[in-house]
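Protein chains in written order, with my numbering: chain D, 4 to 195; chain B, 1034 to 1369.
Note that these hints are calculated values from the structure, not bench results.
No residue lacks a Cβ here, since even glycine has one placed at the ideal position from N, Cα and C.
Treat the hints loosely; a few may be bogus.
Non-contacting residues of chain B with respect to chain D, defined by C-beta distances greater than 10 angstroms in every case (computed) [stated by the list, open to error]:
#, residue
1, D1041
2, T1059
3, S1067
4, W1081
5, N1086
6, S1181
7, A1213
8, V1306
9, F1350
The list that follows gives simulated cross-link-like pairs (lysine-lysine, BS3-like), each with its CA atoms no further than 25 angstroms apart [stated by the list, open to error]:
#, chain 1, residue 1, chain 2, residue 2
10, B, K1324, B, K1313
11, B, K1300, B, K1313
12, D, K142, D, K157
13, B, K1255, D, K90
14, B, K1300, D, K90
15, B, K1358, B, K1170
16, D, K74, B, K1085
17, B, K1078, D, K132
18, B, K1300, B, K1326
19, D, K44, B, K1085
20, D, K132, B, K1072
21, B, K1326, D, K59
22, D, K132, B, K1085
23, D, K30, B, K1358
24, B, K1326, D, K44
25, B, K1085, D, K163
26, D, K142, D, K132
27, B, K1085, D, K90
28, D, K171, B, K1078
29, B, K1170, D, K171
30, B, K1358, D, K150
31, B, K1101, D, K59
32, D, K150, B, K1078
33, B, K1324, B, K1358
34, B, K1078, D, K163
35, D, K171, B, K1072
36, D, K44, B, K1329
Below, a sample of chain D positions facing chain B; criterion: calculated Cβ distance under 10 angstroms [stated by the list, open to error]:
#, residue
37, L43
38, Y76
39, E123
40, K150
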Amino acid sequence: MVQIPDSDILMAIRQGNERVYEGVFRKHYQALCNYACGILKDMDDAEEVVQSIFLKFWEQRTDIEISVSLKSYLYRAVHNTCLNRIKHLKIQETYRQYVGDYLEETYDSATEILDKVELENRIAEALEKLPEQCRLIFKMSRFEELKYQEIADKLGLSIKTIENQIGKALKIMRMELADYLPVIFFIMLFNH
Amino acid sequence: MNQDQTIDDLLAKYLADETDNHESDTIGEWMSASEDNQKTFDHSKIIWEGAKNIQHQRTVDVDAAWEKLNIGASKKEEVIENQDIKPIQKLNWVNSFLKIAAVLAVVFGLWFFAAKQFATPQNDVLTFKSEGVSVEKILPDGTKILLSKNSTITYPKAFEGETREINLTGEAFFDVHHDAAHPFIIHTQGTDVRVLGTSFNVRAYDAQVQVVVKTGKVQFSKNNHKVILTKGQKAEILANVDTIIKSEVAEEKEVVKEKLNSFVFNKLPLGEVAKSLSEKFNIEIVFTNDKIKDCKLTATFENENLDNILSIISETFNLTFDHQKNGIVLSGEGCE
């Protein structure tokens, strides 16, 4: 596939080329929503934020100056908009704690953001590759934050089975990401 | 069960905070036993913590999202209801937009929601709806509205009482007929935009509503919260919150335009339009079909670049344009 330079894409967008803009939108929309969702914990809110950014970008296309890559710019915009949104919402303390990590990380650099996105995308892919029961149990533990005992009760399985399945999930995902994990770990060491 | 399997289970158990003291000690010892073990632990932790962030993700409908973004111009004309609706082209409102004193643009995203809600006209309340195309509407008081596609307004058959009130879902441009004795109020998604003076500009999209005042005075309110905005101020409100955030509009950076261009065309055949554009932009414009030359254009362009102008013309007359070596080629069926 031919890689069109960012500068050409930007030029076309500035000139009002909707097809080029649509291409950019389609290329990044899902991933940007995923990223926003990581911060906002809600996919509908995430979509709203990403759409507002694309709308604003289009409206201000002639004035926008981008010194980084287009991708970095978009993630940065999503990042900042999400944080503003969280700050503006008079949220309950619990929610604030929930997203607190992000509030403290306001100054993530663009590359840190992209690294995080890449990592999360890869984890999501690896998760989808798990055997079904293994994936279900892992999600119950990680997403719903159920205790092992609660998962065992819900599924009518022994607690030992739950231990095995989650251990297995972790192992499979670690192997799936074996090439990538050392890299991201190294990067994270540097960033923190 | 082999040793590795046990360690994996224990690792997960440790990360899930389910281990007892003895098990935690075992993990600690195992970790310090070798660098590889430490690495395995670090990597597992990255996965464990990273997974937390993906829990709310789902596959989004990119087509629907692009559609909703609606930056493209309306392509199909689908006009319904009232007979005095006339489909209008983008150009005409650009033209009238420049002339009007008070312009109010209200946009927000959840049009599907209220499209249903207001679908049935009630006593003395009229509903006006656009589908695939922007339509123009004049209210009983003389206020002009350009309703974007897939948008709805409801308004009384006659404005009686002290205020003129309407509901809006979707996007619309308002040219509010000036009448200081009867303030004009637009209700959108729990917020009210009230026209107090003459010249101002309101803009909102998605569940957020934003008001920016150019000149004059506007009152923006939600429930008991209200702000009065004057020149150079803006206010924002987020969905499901009552807090209105008011701020000064940053002085907009003056952008140096490549070239200032202004065109006014009044029922001018495209053949002639092409000549002026060719001259100004120093580029050849050719037609694949002579009938295109007969299409009559009424439009005003200010500081638009050539591609924008061509896009608008193409949309208007259902043409396509293409940059080729020898210039720009416009093709399509043309006009009778």
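Results for each hint:
1. D1041: Per Cβ check, D1041(B) is inside 10 angstroms of chain D; nearest 4 angstroms; violated.
2. T1059: holds, 14 angstroms
3. S1067: holds, 16 angstroms
4. W1081: Not fine: 7 angstroms to the nearest Cβ puts W1081(B) too close to chain D.
5. N1086: Contrary to the label, N1086(B) does not stay out of reach of chain D, its closest Cβ about 4 angstroms off (not over 10 angstroms).
6. S1181: holds, 13 angstroms
7. A1213: Since the minimum Cβ distance to chain D is about 31 angstroms, A1213(B) lies beyond 10 angstroms and the statement holds.
8. V1306: holds, 18 angstroms
9. F1350: holds, 17 angstroms
10. K1324(B) x K1313(B): Answer holds: K1324(B) to K1313(B) is near 23 angstroms, not above 25 angstroms.
11. K1300(B) x K1313(B): holds, 19 angstroms
12. K142(D) x K157(D): Since the Cα atoms of K142(D) and K157(D) sit roughly 13 angstroms apart, the hinted pair holds (cutoff 25 angstroms).
13. K1255(B) x K90(D): holds, 19 angstroms
14. K1300(B) x K90(D): Since the Cα atoms of K1300(B) and K90(D) sit roughly 52 angstroms apart, the hinted pair is violated (cutoff 25 angstroms).
15. K1358(B) x K1170(B): Violated: K1358(B) and K1170(B) sit about 44 angstroms apart, past 25 angstroms.
16. K74(D) x K1085(B): OK: K74(D) and K1085(B) at ~24 angstroms, within 25 angstroms.
17. K1078(B) x K132(D): holds, 19 angstroms
18. K1300(B) x K1326(B): holds, 12 angstroms
19. K44(D) x K1085(B): OK: K44(D) and K1085(B) at ~10 angstroms, within 25 angstroms.
20. K132(D) x K1072(B): holds, 23 angstroms
21. K1326(B) x K59(D): violated, 36 angstroms
22. K132(D) x K1085(B): Cα-Cα ~17 angstroms, so holds.
23. K30(D) x K1358(B): It is violated: about 30 angstroms lies between the C-alpha atoms, which goes past 25 angstroms.
24. K1326(B) x K44(D): Since the Cα atoms of K1326(B) and K44(D) sit roughly 55 angstroms apart, the hinted pair is violated (cutoff 25 angstroms).
25. K1085(B) x K163(D): holds, 23 angstroms
26. K142(D) x K132(D): holds, 13 angstroms
27. K1085(B) x K90(D): holds, 21 angstroms
28. K171(D) x K1078(B): holds, 14 angstroms
29. K1170(B) x K171(D): violated, 64 angstroms
30. K1358(B) x K150(D): violated, 68 angstroms
31. K1101(B) x K59(D): Holds, at roughly 14 angstroms.
32. K150(D) x K1078(B): holds, 18 angstroms
33. K1324(B) x K1358(B): holds, 23 angstroms
34. K1078(B) x K163(D): holds, 21 angstroms
35. K171(D) x K1072(B): Given that 25 angstroms is the threshold and the Cα spacing comes to 17 angstroms, the pair holds.
36. K44(D) x K1329(B): Distance ~52 angstroms between K44(D) and K1329(B) Cα, so the pair is violated.
37. L43: holds, 8 angstroms
38. Y76: violated, 17 angstroms
39. E123: Holds. Min distance 5 angstroms.
40. K150: Holds: closest Cβ of chain B sits about 7 angstroms from K150(D), inside 10 angstroms.
When held up to the earlier numbered hints, the structure conflicts with 1, 4, 5, 14, 15, 21, 23, 24, 29, 30, 36, 38 and fits the remainder.
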